[in-house]
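Peer 1: Sequence:
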Amino acid sequence: MFMRQLRKTSRKLSLIRSSVIIVILVVHIHIKLHILFTVVSYPLNDQYLLLLLLLLLASRLLSSRDQNLHGFVKFDRENDVV
234 MFMRQLRKTS RKLSLIRSSV IIVILVVHIH IKLHILFTVV SYPLNDQYLL
284 LLLLLLLASR LLSSRDQNLH GFVKFDREND VV
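The letter at position 50 of the sequence shown is residue 283 when you use my numbering, and the numbering goes up by one with no holes.
Hints listed in this document are in silico derivations from the structure and should not be mistaken for laboratory results. Just so you know, these numbers come straight off a predicted model, no measurement behind them. One or more hints might be untrue.
Stated by the list, open to error - Taking CB as the label site, the calculated pair distances span:
| # | residue 1 | residue 2 | range |
| --- | --- | --- | --- |
| 1 | LEU295 | THR271 | 43 to 49 Å |
| 2 | GLN238 | PHE270 | 46 to 52 Å |
| 3 | VAL253 | LEU287 | 17 to 23 Å |
We put the CB at the ideal spot given by N, CA and C, even for glycine.
Start from the sequences, fold in the hints, and give me the full structure.
Peer 2: See the structure below:
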């Protein structure tokens, strides 16, 4: 019972951590692109915002796929087989 609760808590913390990392990356990319567009003096339009949304979605999908690949491994107590 305790181990099950510990696994659930660990998964939630891992999801929160990956979400925070994704938000930081998106904000960082947003700042870089904003500086680039300001220096080049292009207007920020809907395509730019769509690009940011697609980057967020792609990173979110990659993080969920990565989390599924690196989930908890269950061992068979008798044979220690994965």
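Peer 1: Indicate, hint by hint, whether the structure satisfies it.
Peer 2: Evaluated hints:
1. For the pair LEU295 and THR271, the beta carbons lie near 29 Å from each other, so the given range of 43 to 49 Å is not met.
2. Distance hint check for GLN238 and PHE270: the Cβ-Cβ separation is about 48 Å, which falls inside the suggested range of 46 to 52 Å.
3. Checked against the hint of 17 to 23 Å, the C-beta distance between VAL253 and LEU287 comes to roughly 20 Å, which is consistent with it.
The structure does not agree with numbered hint 1 stated previously, though it agrees with all others.
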